[in-house]
Amino acid sequence: MFDRVLIANRGEIAVRILRACRTMGIGAVVAYSEADRDSLAAQLADEAICIGPADAKRSYLSPSAIISAAIVTGCEAIHPGYGFLSEDSGFAEAVAAHGLTFIGPSAEVLERFASKEASRSLMARHGLPTIPGSEGMLRDEEHALSEAARVGYPVLIKPSAGGGGKGMRMVRTPRELEASLRVCRSEARAAFGDDSLYLEKWLEDNRHVEVQVVVDRYGRGVHLGERDCSVQRRHQKIVEEAPTPALPPASRVELCDRAIAAVVAAGYENIGTLEFLVDRDGSFYFIEINCRIQVEHPVTEMLTGIDLVATQIRIAAGEPLGFGQEDVEVRGHAFEFRINAEDPAHEFRPQAGLVERFYAPGGPGVRMDSHLYAGYDVPTFYDSLLGKLVVWGHDRPAAIARSKAALDELVVDGIITNRSFHRALLENAAFVDGQVTTNLIDRVGTAAFLAAGRR
Amino acid sequence: MADDSGSPVARRPQDRLDDHAAIDRLTDELLPALVAKLGANGLGELEVREGTWRVRLRMPADGHAAGVRRSPSGRQGARAADVPRGEHSRTDAAGTAGTAGIGHASAAPGQASEATTAAGPSRVVATSPAVGYFRPRADLRAGTKVRVGDRIGSVDVLGIGQDLVAPGDGLIGSTLVEAGEPVEYGQAVIVLEQLGKRRPHAASATAAPSGPEESGPAESSPADRGPAAAAPAGTDGPPATGVA
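If you read the protein sequences in the order shown, they are chains G and A.
The first sequence begins at 1 in my numbering and counts up by one.
The second sequence begins at 1 in my numbering and counts up by one.
No lab work stands behind these hints: they were computed from the structure.
Computed from the model, here is a short list of chain G residues facing chain A with C-beta under 8 Å:
id	residue
1	GLU34
2	ILE49
3	CYS50
4	GLY52
5	SER68
6	ALA69
7	VAL72
8	GLU187
9	ALA190
Partial chain G-side listing against chain A, Cβ under 7 Å, derived:
id	residue
10	SER64
11	ALA65
12	SER186
Don't be surprised by glycine CBs; every beta carbon is placed ideally from N, CA and C.
For reference, chain A alone in the conformation it holds in the complex (with noise of 0.2 Å):
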């Protein structure tokens, strides 16, 4: 009878399980791979529609920093940033199906911090995919040049090593974390420090609110999540699965 979780937003079955197909076919395939594109060739805005659903990227016009928050008390470890709800709204994400949009299709934190290193010279930083214990690559040394997706270390979980790709073209950094540490989901791990010539901004029209800090050395943890940290869009919408 009356339970004590809480229900999901009553949808028809066959709905969500085909939202759930979908969410895990754009978080899994989908967005890293639009992610990689659009640092890649520097484009201002990609758009894919694939069945009822439509997946929309767009850079940052400009950035300015974006509030980074340090939290109030005893967490362990340094953290990406967060970027303040509603500038977010940079990845536009929308299901056109008439049901709420993708509320959890937030891409792994390691492609997250990306597509912020498209504008400029600039860090990016590689953020820990899992809770677990971070195993650095044995080859690989600061100042080693490596290419956006190379997997650059690996977290332990459970036995199982999870990748911690490059967010970005680079060159490796500063390893923030020791061999054999833990961390914990989302924490940045890597700096990646990036050769600097600016790409043309495309699709400036777009006055994306705030991006996140672009040029010059954030001080406390430079890896801001990208547009592909979809966030809910329109952050008041219903959640698209409410599981709880």
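Just chain G, with the same shape it has in the complex (with noise of 0.2 Å):
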């Protein structure tokens, strides 16, 4: 096991993994940016070393800044949290090229994985069911018409690198798709330096469910069961539960063996998730695969007790993942809601400043991960992600109760979060009933949802 390592990464992410060093007797060094001077995770942390200016291009961005800091303050790991290189196969191959150890999958999964258009079709071979789309990328305008008339319309415009709904869009006739084809073109070359776009059919009403995976390096791996991430803004996650209301126990059960079947022929090695949409029938169909700790993954914790972060170091650091999957049990029924600096009122604009009072909830069954304290100064560079407050109940209602006193309790002063949001979430008949689908917000509007919380 190593003795040091690095957390390359901020915010609650960056609290999160200090915490599964400190129980497993690593020493933890954080690596921050000038802006993320007073940040909780440097604070805490064993050692703090500054990497460069705010810019996250000169700081959590640059791999040269962060392997030098490890380097020097004599690391054995890096941990990449999640965003930022944790899913760059070139920087995991530089670490290595240093001595050190990438803590997620080798380069060389990474690089088999990086294209979604050649996950999917990697995926299919292993015997999973995907989405029906174009062959191959999109060569041009006319490729693209034929392929959709082909696949049927509605269909989704999707970039093959990235994520978070950039150069992403749904369109329903040819003419939309001609006009839509140049911006997603422009928007992926812009956010992922490449304009790789394929066809997807899209499925109305469709919901999110992914199944987390544990692979070590010697090819033994199980799956921990699969989150809903139905709820969802403009392609962004905002509250994620499981077990998923979508499908009935035996589903869940064929979904997360059939993923992890897959995933294992497919090579893959440490944690992972692999994204299905789930459409009314009940049908799934493989979209894609995270390869690094998700933001959501306490919600998984919450029902099997067993400590991902944790997991995914000792994986990194060779050792075999002892225990099978008849060690799993998944117990009850968790949500995790995402705190973040928004202003629901406003087009959930961005928030930055000065939190004057924070005080998070607590009692059984209830979690909160957060970087924020008192006097924490939340800088205007990065996203808007505060913290997580995850809930845990022996049922779903039981959650749903639990849910509304822990947003009660739930105090941040001095900066407007989304909170008000989710409260009214918890009095939404569709989610009550577990039947939020992906397009409800976008659908029924923020302000008519935020209305009817309010009655």
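With the hints as a guide, bring both chains together as one complex.
Here is the structure:
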């Protein structure tokens, strides 16, 4: 096992990784940008080192700054967290070239799953159903039109690289397709430096269900159940839960069993998440794999009692998994609410500034992963995630009741958060019935949503 | 689909590219040159326009100590003092294109401290441009005279040297880091003693709120981030590039 690990990330996930290191007796060094000098992670760390200015390009996205920081602080491994360089095969390769361990899949595995289109056909070869879509990348407009006609409208234009909804458009007619193609290309080029696009059949009223997998270096893998991430606004997840209310228990088991079998056969390693769309009939289609720890990993931790970050570190250190599928027990129901510095009343505009008061909720089954403290100045440079409220109950209604109490107890003064959105969601009939689809919030509109919550 | 990483503020891709190019040019070429000019000629204010961008640097009218914040727990090394939020407004760098201000146009720290020199006898500190190992220039001794922009050492980042440059004219004073020791970004490395005639203050009308410590040695780390450390212009504005 490592003696010392460099945490090359910020915010709540830096604190989360730090906690995993502590419980494992590993020294934790936090690499921070100038804007994060006063961050909780930098304060709690065994050692903290400034790697560059606020601009992420010269700090959290700079491989040389991060690797140099790991070397001068005597670390043996680098944990990239999520976002930033976490799925960058070039970075993973550079880390290994300097004799350090990248905590995640190897560069070769990251490379294999880097293209969504390529991973889709790879996983299809290993028995996972995929959404009907274009054969390969779109060559030109003519190719796009003929492929769309073959697949059948509506279709979703998707970039091969990246995520977060950039370069993505749903189109219903050939005319819309023609109009959107160029926009998607330039968006994808700007965001990911890669403008290759493909088409996918658009499923109306779909749900987003993902399977957490854990595979050691010796090809032994287990799944840790699924999560439902259908509560989204503009392709951004807001609330996650497990188990999914979209599928009966038998289908859930089938989904997870097929996912772990396929991913092990495809040679995956370390922890990862396979994302699926589930349609109205309960059919599921593989869409992509995320080769990193995810924001919503605590939902699975609440149900299984397994520390996913610690498991990730153990696998990277070359340890065998040490448990089998029969040892994994999924208990109760859990939700995760992403607490963002956003103003729901004003188009979820990002907020920044001084946190005057912060009280985290508590009690049985309540966990708050956050980097907030009273007096913390939320910088403008990064994303708006302030923390995650994770709530467990023995069943879904119990978890909802606890969630309401916990959200009411949460106090963040000085900065506007999306708490009122979550509170409205918990009163929404579709949510309470477990019927939320990925398009619900955008279709209803957040204003109507919030108004309904106040009644 | 929904990605874990935060998404940038929604803007047209071409705007983003243009802004990134402008920011790169600004940080790499324009700001260092401007800061050097401002420090050398003792002018109060400089303004340069380029395309839709406008950069204005203003010398602090009169300085009193900026708060020196010490890190609360086990951080290593001395560090250039922070100028609290809001006092960065001495550098007024704003995009006139109607997009966000140049939030990230912070100059390299080595250059940053320089503009604090113009107004009087003082010391300035050369700060590390990167994380790595410090290598002093072999021919420099305490008392050696250096000019602004001179290479006075380097920081070895994975085998590649990054220049540590003199932030102002002066004499090499104490070196705060041993040769071969690790340094972090922004860490104070070499103190320069400056010869002290006070220069006339121009632009006294632009009463900048509180300038950095300029006269007399500050006890912990005298290097303030001067005007070139362009923090977000208008600190509440949205980030120019929300990369996360």
